[in-house]
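Start from the sequences and build out the full structure, keeping to the hints where you can.
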Amino acid sequence: MRAVEDRRILVTGASGFVGRALVARLRQAYPEAALLGAAASGQVDGVDMVRLDLASTDSIVAVTRAFRPTDVIHLAAQSSVQGAFGLPRSVWETNVVGVLRLIDALRDDAPDASLVFASSGEAYGRSFLAGQALDEDAPLQPENPYARSKAAAEMALRDLWGDRGRLVILRMFNHLGPGQDERFVAASFAAQVARAERGLGPPVIKVGDLSAERDFGDIRDLVEAYVSVLDNIDSFEARSVFNVCSGTTRPVRDIADLLMEFARIPISFEIDPARVRPQAVQRAAGSHAALTAATGWRPAKSFRETILSVLEGWRNRA
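Under the working numbering, the first residue of the sequence shown carries the number 224, and numbering increases by one thereafter.
To be clear, the hints were calculated from the coordinates, so they are not data collected in a lab.
Cβ atoms here follow ideal geometry from the backbone N, Cα and C, with glycine treated the same way.
Do not rely on the hints blindly, as some may be mistaken.
As the list claims (entries may be wrong) - Label-pair distances were calculated between CB atoms; the ranges are:
| hint | residue 1 | residue 2 | range |
| --- | --- | --- | --- |
| 1 | Met-483 | Met-378 | 17 to 27 Å |
| 2 | Arg-487 | Val-227 | 18 to 28 Å |
| 3 | Gln-502 | Asp-229 | 40 to 50 Å |
| 4 | Gly-354 | Thr-515 | 19 to 29 Å |
| 5 | Leu-383 | Ser-525 | 17 to 27 Å |
| 6 | Gly-354 | Arg-406 | 40 to 50 Å |
| 7 | Ala-497 | Glu-255 | 44 to 54 Å |
| 8 | Ile-488 | Pro-362 | 44 to 54 Å |
| 9 | Arg-274 | Arg-387 | 18 to 28 Å |
| 10 | Val-227 | Arg-521 | 36 to 46 Å |
Here it is, written out as structure tokens:
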């Protein structure tokens, strides 16, 4: 086990929704470690930040050469499933080619570093049609540009990482919490509710397909999963894959129902055709049994807590 003070942890995408929560938790978990956040833009209080452009080899090398990390958590990505349909080339440039550039830079500047790569449960795609909660052995059958880019990045890492430090692929399922932007379903609903409560919008919330069933985790549980991985990474096999999910699948309608309950004014929901996209997969369920066995991690937050935290976040911003 490495001494904490010897660890040099680089988090890419540190100014994003997950990144901000993660670097704050890492600072608590590893107060003596060197911690660096990297992002295309933005700052995070209490954490040293540098600019990172995944489209530029020079930008990536400048970061890895100066910092020489022992551990890298690669979050930086184009992460919107819906947005990826309109910008597939940009998604592949960031999510796949950007990973290739990072692999090369780490090979030269930090050859013994461990890499924790944030993939996605979306990569399972049509495998979800089997109906049961999928484990990590389920085949990847992605159904959209974002999911295909994540699956491709996984394959590239397996082929190109080589004989270096540990490679850990985390397939992240849907995660919610304060600070997520309105491209994502719970944030979109909650933002509209918060505005309606202040008289800044109608009490009719525009929604898409409420019948689709997904696994929704809490951002606070998610960052604990990352910490548990770093805590145990030296005991893992050289190449590991874990699902990170709540283990409970529920319809999107459950988000709407809780927001109606929590709202301070009467609200209703209305289907907006512009928000409805074809669902090749109606139900997506995953198992976190492997991660629990390897690290002891389990989700702790209730769904009610999670949705209320999302709404309170928007109330503070509305």
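Status of the hints after comparison with the structure:
1. At about 43 Å, the beta-carbon gap between Met-483 and Met-378 misses the expected band of 17 to 27 Å.
2. A hinted range of 18 to 28 Å for the beta carbons of Arg-487 and Val-227 is inconsistent with their spacing of about 45 Å.
3. At about 47 Å, the beta-carbon gap between Gln-502 and Asp-229 stays in the expected band of 40 to 50 Å.
4. Take Gly-354 and Thr-515: their Cβ atoms lie about 22 Å apart, and the range 19 to 29 Å holds.
5. At about 41 Å, the beta-carbon gap between Leu-383 and Ser-525 misses the expected band of 17 to 27 Å.
6. Between Gly-354 and Arg-406 the beta carbons are some 28 Å apart, a value that contradicts the proposed interval 40 to 50 Å.
7. For Ala-497 and Glu-255, the Cβ-Cβ distance of about 50 Å falls inside the hinted range of 44 to 54 Å, so the restraint holds.
8. As the Cβ distance of Ile-488 to Pro-362 is approximately 47 Å, the hint placing it in 44 to 54 Å holds.
9. Between Arg-274 and Arg-387 the beta carbon distance is about 25 Å. The supplied range of 18 to 28 Å therefore holds.
10. Distance hint check for Val-227 and Arg-521: the Cβ-Cβ separation is about 24 Å, which falls outside the suggested range of 36 to 46 Å.
Violated hints, in rising order: 1, 2, 5, 6, 10; the structure is consistent with all others.
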